Structure formats: C-alpha cells, structure tokens
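Could you build the full structure based on these sequences and the hints that come with them?
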Amino acid sequence: MTQGTATRLFKFAGCVELRQALDVHALDVRELRQRIEEVPAGSIFFHTFGYFLRHRVFTTAYGNDFARWAANEIGDHALAERLAVVDPFGFSDLDELREHLVTILQDHLRGHESERRVEFARGFHFQQSQVVEVPLGVTAQTLGEFRAGLATVDESAIYLHTVETRARQRHAESFADWVREALELPELAERFERIDPYLTTIERIRGRLLGLVDVALDEARR
Amino acid sequence: MSRIDDYRRVATPGAVDFILKLAEQVQGRRFLSVTGGRLGGGAAEALRTAVPILSELGVDTRWEVTGGDTAYYTTARTLQAALEGEERVLSDEGLARWVDMNGLNAKKLDLDADVTVVHDCQPASLVSARTGGRWVWRCHFDCSSAQAGPWAFFRRFADQYDAAVFGLPGSRDVSASRCTSCRRRSIHSPSAIAISRRAR
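Residue numbers (this note's numbering), protein chains in the order written: chain A, 1 to 222; chain B, 1 to 200.
Don't read these hints as lab results, they were simulated from the structure.
It should be emphasised that the depicted structure is a prediction, and the values quoted were computed from it without experimental measurement.
A short, non-exhaustive set of chain B residues, derived as facing chain A with CB atoms under 8 Å:
#, residue
1, Ala15
2, Asp17
3, Lys21
4, Leu22
5, Gln25
Stretches of chain A that chain B covers, calculated by requiring three or more beta carbons in the stretch to come under 8 Å of a beta carbon on chain B:
#, stretch
6, 7 to 21
7, 129 to 139
8, 143 to 153
Listing some non-contacts, in silico: residues in chain B with all C-beta distances to chain A over 10 Å:
#, residue
9, Arg3
10, Pro52
11, Leu57
12, Arg77
13, Asp114
Quick reminder that beta carbons are idealized off the backbone N, C-alpha and C, glycines included.
Listed below in structure tokens is the structure:
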C-alpha cells in the first residue's frame, strides 16, 4: 500500500436533516404492519438508517424506531428484539428491507390474537426527512489530508459519507469509493466497507476509520 | 474570542465550523421572528439566545413583538388555552378584536423579510397581511387536544402559512405530529409537542 496523490479531490460535506410528519399513524402492531407496507420508501429510510443520525451520542438497545416503539410503547420486548436485530445495511434496497419488516410483524401477529392498542399520543407516527448536504470547504488530495479532515469535520459528515452514501444516491462521495478510485487503495476501501455502522455511534465509526487510515499511513512510511 | 467560539470547548469536533458553514449558506437572506412578547418562557426565551448568536454568525435576523389592548391579550391567551385543550369561551367580538389588533400590528411592524417565523398564537393572524417571502408558523405548545370550535377558527390563519414547525417530545423521538391545518409541510424540531387528529 503506498501513499500517493488522488486523481480527484475529496470534498467533505456535512448534512442537516429536515423532518416532515406524514399523516400516517399506527396504534397497534397490526396497523404498524399495514402502514409499513404503504408509506413512501423515504419513511422506511428515516425510521431505520436515519436512526443513526438521530442517536449520535450513545448506542441504544434498538437499531431502528420500530423496535424502540415496540419496546417502549407496546411493551412487547420479544417483538422489539426481533425488530432490533434487523440490520438495514444487509438489504440491497429499501423495498427489500420493508418486506423483511412486514414479514417479521406478520409472523409475530400470527401468535398474538389480542393486540395491545395505545392512545394516539403514544402511537407510531411516520415521518420522512430531507437530508440537505452542506459543503464544509474541507478537501483532501492525499491520505494524510484525508486523515486531517476526517478527524476534525462535524459528525454529520461521517454519517453522510458512510451511511447515506451507502444507502441512497447522494451528491457526496463515500469515503470508500474515493479511497478505492481516486487514491487507488482498494484494500483500505474494503476495510472501510467492513465497518458495520449497525448498533454503534458515529463517533465510534470515526474512530475506526481513523485507526484504519493510521495503519495505512504507517504501512506507506515503511 | 467571539461567543460562538466559546462553544468549541464543549462541542463535538467540527460542530462549530459546521454551524459557520450553515450560516454562510443563508447569507443575504433576511429572517424575521414575531412573538407575542419579549419576556417569559417558550419562544421568547429561545429567541433571547438565538437572535444574538445568529447575528454574530452574520445572519440577518430581526425580532418583532405584537401588542394591543387588554381585550387583545385576553383573547389571545384564551384562544391559546382552547387550542391547548382547555374548555374556554371565546366571543365573536373578542376574536374580531384580536384579528383587528393584529391588522394594526401588521401596519406598525416591519414585516419585510425573506423568511418570517411567527411563534405561537398571539401574532398568528399577522399572516393575513403577508406581502412576500415565506411564512412559517412555529407552534411551541401542545395542541393535540385542541377544542374543535377554536381550532376551526384558527385554521383559517394556519392555512395561509407555507409551513408549520412543531416540536417532538424529547423522550419519544418517534411520536408526534401532523400539521393538521396546514396541509402543506410540517417539520419537526426536537422540543415539545404533538398535534392530534382531534385537532383537525
């Protein structure tokens, strides 16, 4: 692995999330299943992948809003656990993820005739969001410059260049793509892609990325 | 060292620089907030902190306050209480007075801005006097159990906004809201409330 100059600049960008309420609600698990089938794909994204952006500071026991609602509002910890182990990064697209969630809920409903129903205020209220990219003015053309940027940019940039770019088409480039294509470091890119963002925090992802870059820089110096 | 730089000591890496970049994005836009008073909690409390910081960031921000006679304040308070779900009696005369006084406020205040954010109930009918820019209603209170009659009255004003912004309960980030009146966009910010189907 050598350290060279990239064929194109990496441009760090942060992001802000503007949430939008949908007029779609579920007051029990049966309704949750129905609504998950109906809502726009952006809402599935919001309640699964988007969870990482909204829970930056500490790791929670749930990896998505559906699991959290099942535990906290419905009080069904078995269902919460089944939903919590759904890793959104394991699906090729949002419809596949949606289908998997529906299957879990269908299976669960078969064994549960009497469903707990909650009042409106405690219902599951579907949302979606617009993620607005904000160029940070920080660029990199070498791995060293990339490390410097990675260490100092806002954590929303880590989310954007890892989670968002992996799951949705974005203007911003993923860290792994740039390292592979512009720096021509496919092994490092592969290591980046092996970092599992599921059930961790953005700061921990930053830490792991920095660790991998440091190893690559050390190797390049030898 | 400016005040925004003070936050570098406690903010996560890059957070302050990110805010500076966000401020750059809105350079040249004029923002206006309108509330029913400069003192007290809720919107006024938030703006007392936010307006100086936004100004320091170079964002063109102003803050106007509506005023009126005793009947105006009484009706505005009663209307908000009814929208929060309390059983209150609102007279047609009182409501007409509230609308008229806000009409006068619209003539007195400088409402020329690219984005006008009107907070809560008291100044809400100012939107009828809008001449340009985007208008946003920022609801800081919980109107999930609004009384039907007062909501039907209030809705004629809420419908005139381009967007409405509601808070979310801090403990339950999934729960919340709909912009019942505004069939337009409702955006959440992480603070306080829920709008319910009852308030339709």
